[in-house]
Amino acid sequence: MLPDSIQTWFTAKGWSIHPHQHAMLERRSDPATLLIAPTGGGKTMAGFLPTLADLATTPHDGLHTLYVSPLKALAADIKRNLRTPVDEIGLPIRIEDRTGDTSQSRKRRQRADPPHILLTTPESLALLTSYPDAHRTFKGLQRIIVDEIHALAESKRGDQLMLALSRLQDLCPDMLRVGLSATVDDPNAIARTLACYPNPCEIVLADPGPAPDIAMLKVDQPPPWAGGGAAYAIPAVLEQIKQHKTTLIFHNTRAQAEIFFHNLWLANDDSLPIAIHHGSLDRDQRERVEGAMVCGELRAVVCTGSLDLGIDWGDVDLVIQIGAPKNVKRLVQRIGRANHRYNAPSKARLVPANRFEVVECRAALEAVQAGDLDGETPRTGPLDVLCQHILITACAGPFAADALFAQVTTVGDYATLSRTQFDACLDFCATGGYALKAYDQWQRLVQRPDGLWQLRDPRAATRIRMNLGTIQDADLLKVRLKRSRGGKPLGQVEEAFAASLTPGDTFLIGGRIVRYEGLREMTVEVSRNANKKPKVAVFSGTKFATSTQLSQRILQMFKQDHWPELPPHTADWLHLQRAVSELPRAGHLLFESFPHDGRAYSCIYGFAGRNAQQTLGLLLTKRMEELGLDPLGFVSTDYATLIWGLEPVIDPEPLFDPSGLREGLEGWLAGNLVMKRSFRAVATVAGLIERNQPGARKNGRQATFSSDILYDTLRKYDPDHLLLKVTRDEAMRGLVDFGRIEELLTQIQGRITHRQLDRITPLAAPLLLEIGKVPVKGAGEEKLLQQETEDLMRKSGLSDLPS
Amino acid sequence: MTGFDFSFAGTTLTALGAGALWWPNMRMLVVSDLHLGKSERHARRGGGPLPPYETADTLQRLSQLIAQSDPACVICLGDTFDDLAAAQALSTQERALLHDLIGARRWIWIEGNHDPAPTDFGGEHHSALNIGPLTFRHIADPETQGEVSGHYHPKARVRSTSRPAFLVDPARVILPAFGTYTGGLRSTDPALTTLMSPNALAILTGPRPLPVPMPR
Chain P
1 MLPDSIQTWF TAKGWSIHPH QHAMLERRSD PATLLIAPTG GGKTMAGFLP TLADLATTPH
61 DGLHTLYVSP LKALAADIKR NLRTPVDEIG LPIRIEDRTG DTSQSRKRRQ RADPPHILLT
121 TPESLALLTS YPDAHRTFKG LQRIIVDEIH ALAESKRGDQ LMLALSRLQD LCPDMLRVGL
181 SATVDDPNAI ARTLACYPNP CEIVLADPGP APDIAMLKVD QPPPWAGGGA AYAIPAVLEQ
241 IKQHKTTLIF HNTRAQAEIF FHNLWLANDD SLPIAIHHGS LDRDQRERVE GAMVCGELRA
301 VVCTGSLDLG IDWGDVDLVI QIGAPKNVKR LVQRIGRANH RYNAPSKARL VPANRFEVVE
361 CRAALEAVQA GDLDGETPRT GPLDVLCQHI LITACAGPFA ADALFAQVTT VGDYATLSRT
421 QFDACLDFCA TGGYALKAYD QWQRLVQRPD GLWQLRDPRA ATRIRMNLGT IQDADLLKVR
481 LKRSRGGKPL GQVEEAFAAS LTPGDTFLIG GRIVRYEGLR EMTVEVSRNA NKKPKVAVFS
541 GTKFATSTQL SQRILQMFKQ DHWPELPPHT ADWLHLQRAV SELPRAGHLL FESFPHDGRA
601 YSCIYGFAGR NAQQTLGLLL TKRMEELGLD PLGFVSTDYA TLIWGLEPVI DPEPLFDPSG
661 LREGLEGWLA GNLVMKRSFR AVATVAGLIE RNQPGARKNG RQATFSSDIL YDTLRKYDPD
721 HLLLKVTRDE AMRGLVDFGR IEELLTQIQG RITHRQLDRI TPLAAPLLLE IGKVPVKGAG
781 EEKLLQQETE DLMRKSGLSD LPS
Chain U
804 MTGFDFSFAG TTLTALGAGA LWWPNMRMLV VSDLHLGKSE RHARRGGGPL PPYETADTLQ
864 RLSQLIAQSD PACVICLGDT FDDLAAAQAL STQERALLHD LIGARRWIWI EGNHDPAPTD
924 FGGEHHSALN IGPLTFRHIA DPETQGEVSG HYHPKARVRS TSRPAFLVDP ARVILPAFGT
984 YTGGLRSTDP ALTTLMSPNA LAILTGPRPL PVPMPR
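Protein chains in written order, with the numbering used here: chain P, 1 to 803; chain U, 804 to 1019.
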């Protein structure tokens, strides 16, 4: 199976080939193969072995294998790891990477004279396909390897990649597809994404290795009632760090990671080498941490999802997850970070941050043990990515609409795309797709007499390439120490957060408290002389909603008579709730009303996840406002929404009338910030808004401004526009998550249990302590603004000046 | 029309919440930076096809203001059109709407940096104009007193709300941009902090105009 030279090398190393590596060699001429292997299972080698075997026996001119990974760092890492065996075996193979960091001259040369193996990212690949000479660059391409495909599936980056693959497949009909994935719940879904529809895709499952050793971390103190800091567990975590070689401490958000890291150092009396790593930190700083990690110099790293992907981080023997993992799949992948050696069990400990998370962590543990990963509903390819793909295609040269449509529908997620939808996207790319036909002579794409579509102005190709990609950075500003000529970069914060700072304010970044000094051009300048308690930076880290499957498990647990598997402090709490009110049940909606602190409170246990509960809060308070109940505010968690106001709710049923809620949603969506943010992302991906323009990069603030105006203008004059539809669909699934509210309403079928009580209930009490309370604003905002401006005028003495 | 009255160069002016300046004594309405035809210019230059509704939207808002105030004279402080070709490219309906607005009243075009030459919509054309104690021009001249200008598209932030704003000090008034597709320059930008005196006001536009000490 293997050429002698490679076999000899394996033997000399004293290595044998894993069964799944063997299986990949056997399937070397299948059109599509998906390998599912645990971290550390020699996955990448399994992907490359057929390429090496091929090139060892048959000389090849030009590009043979294209490797695509979601991370630039991974491409560079693989280049190093592949170089060694190739050199030692003595194979005449050229290996190069091509990412955003590759120099222009090198990129140009790669197009004319590609290496045998090219390592790249989805964006760089899409860019390569946009050049008119793409057919020459990719001539002779045999295989494409998509690494960490589970991280790309179900994302716009993955959609863009698969669309690029459909184009490559047309250029190179013999190209074979290989996907490499970590453990996932539904390998078939990923196989469908990978294959050229309707071709089948064989799935190779590697031995998953021994079951992980995973449990809740034993902490003497009970967790607090609310919050996400888990400061109570610091001593126990430090003890674990001491007992292990290297520990990864995962957090769900960057802000929480910063606070925890800060607290950990305050208690780190032995000065153990502990570092922090997350996506908002400066690249140099991250690379230093990564380097120290590989050399085994660190005992622990406090991190976020930025360490989720498969780079080899040396000898990690413990993973600690702080806070409930929110979905089981992510937990499993994080556990896999420990013991990056094949056939050694990974060890992981969960630390619930508050009392409710004890229940959630328990449910997640049971799900992991049952091998029950949360499935996601199948998705259809987003149209904004298709619009960008059409523009990229046009950059490469004239195209026929029929042929492009046929090509696009070979992508699994676009297989059900209708011709009408495709034509709407093409029309958007050509004319903007507006009801009002204007500036016809300036169309972006024009149809030639022979029916082919092309760019009206070939110079537009440069602008389209400059704005290629689907990753939406929040508008981030660099943070630097203030020095005469630009101090040390520390990382980034969101522009909106920077705008909320006044000189003298303090915040945490990279585990340090810094003092805000001012904004200089696009940089936040800070100093170290901070003596105040820090405000926490609002990083862009996503707030994950608890998955449907995990929520259902929690409701199942609530049905038990006793909870021997839970620590007494949590079990007692649930018993008390059962005695005072009742525990929420699946298929019923528990609605508690009680007075507290002079206000009328209602607690609604929807178990619909944070985003949907937040939307529910907005919609219910809107209905309550209409009914004269004077709601004043609300707060939401993954499992409930707590609303307070002046009047008690006597009958909750009218509040949950589905058509009423849907109507409320329509009205509310109009001016909603979430929608505007979604629109900005969609309009940027679809090519309506250009983040980069020839000359200067448009700053984030101006982009925000104009995209909001475009959104308002479209809603007013062209409410059926394609991009508004895409925005709406996206928000309904994502941040607004109305889908889960609909799901909830279907499940309860009007079964609402209304409990009117004389005091706050045990399950509702923690919500009072939650941060993120949302005030209900009617005409209130204008009033507040007026008060504030009058106040400022008075304080400044300007209002006394004769006007 | 909600407005904030202030004394300026010996006369009284009203900053309207809609983003226009009203001079009651002269029954004069002043607007700046309409940038009509912006989406057309954007598309012409190879940019994305922006929703082509901003000209109609801007003219409709102007038409409402004119209906409410019935001015004897209207001054457009420059950058009325995104460029001269954009002015040529207005649709028939948009032209008709603009002609209706101009009607029989005195209409003054001040030249801007985007539209330096006269357009064919009638009215008077000036690079700058003195009326009574006031001087109207597009870009503020630091040496002039009693000046009303535009160009900078100023905006100001109070609490977490940022809105287009008038900037007022004893020597000058700078108008916010009136056009629908216009971005803004923060009052904290050096271009504005050096131009405006320390006791300058910013008047935020909106449902009711809100005066604040100009944020610096």
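Derived from the structure by calculation, the hints contain no laboratory data. Built from N, CA and C at the ideal position, the CB exists for glycine as well. Any given hint could be a false lead.
Computed Cβ-Cβ distance ranges for the label pairs, DEER-style [to be verified]:
no., chain 1, residue 1, chain 2, residue 2, range
1, U, P993, P, R106, 56 to 62 Å
2, P, R751, U, A899, 55 to 61 Å
3, U, A870, P, D457, 37 to 43 Å
4, P, G797, U, A899, 46 to 52 Å
Anything over 12 Å on all C-beta distances counts as not near chain P; from chain U, calculated [claimed, not checked]:
no., residue
5, E897
6, G986
7, L1004
Below 25 Å or equal to it, Euclidean Cα-Cα: the simulated SDA-like pairs (lysine to any residue) are [claimed, not checked]:
no., chain 1, residue 1, chain 2, residue 2
8, P, K437, U, D992
9, P, K478, U, D992
10, P, K716, U, D992
Tested hints:
A beta carbon spacing of about 40 Å between U/P993 and P/R106 contradicts the range 56 to 62 Å that was offered as a hint. Between P/R751 and U/A899, the C-beta spacing of about 60 Å keeps the proposed range 55 to 61 Å intact. Checking the proposed 37 to 43 Å range against U/A870 and P/D457 shows it holds: the Cβ atoms sit about 41 Å from each other. As the Cβ distance of P/G797 to U/A899 is approximately 51 Å, the hint placing it in 46 to 52 Å holds.
Distance to chain P contradicts U/E897 as a non-interface residue, since its nearest Cβ pair spans about 10 Å, not more than 12 Å. Interface exclusion of U/G986 from chain P breaks down, the closest Cβ pair being 5 Å apart, not more than 12 Å. Not every CB of chain P lies more than 12 Å from the CB of U/L1004, the least distance being 7 Å, so the non-interface label is violated. Among the hinted pairs, P/K437 with U/D992 is inconsistent with the structure: their alpha-carbon atoms are about 38 Å apart, more than 25 Å.
For the suggested pair P/K478 and U/D992, the alpha carbons sit about 19 Å apart, so the restraint of at most 25 Å is met. Distance hint between P/K716 and U/D992 is unfulfilled; the C-alpha atoms sit about 32 Å from each other, more than 25 Å.
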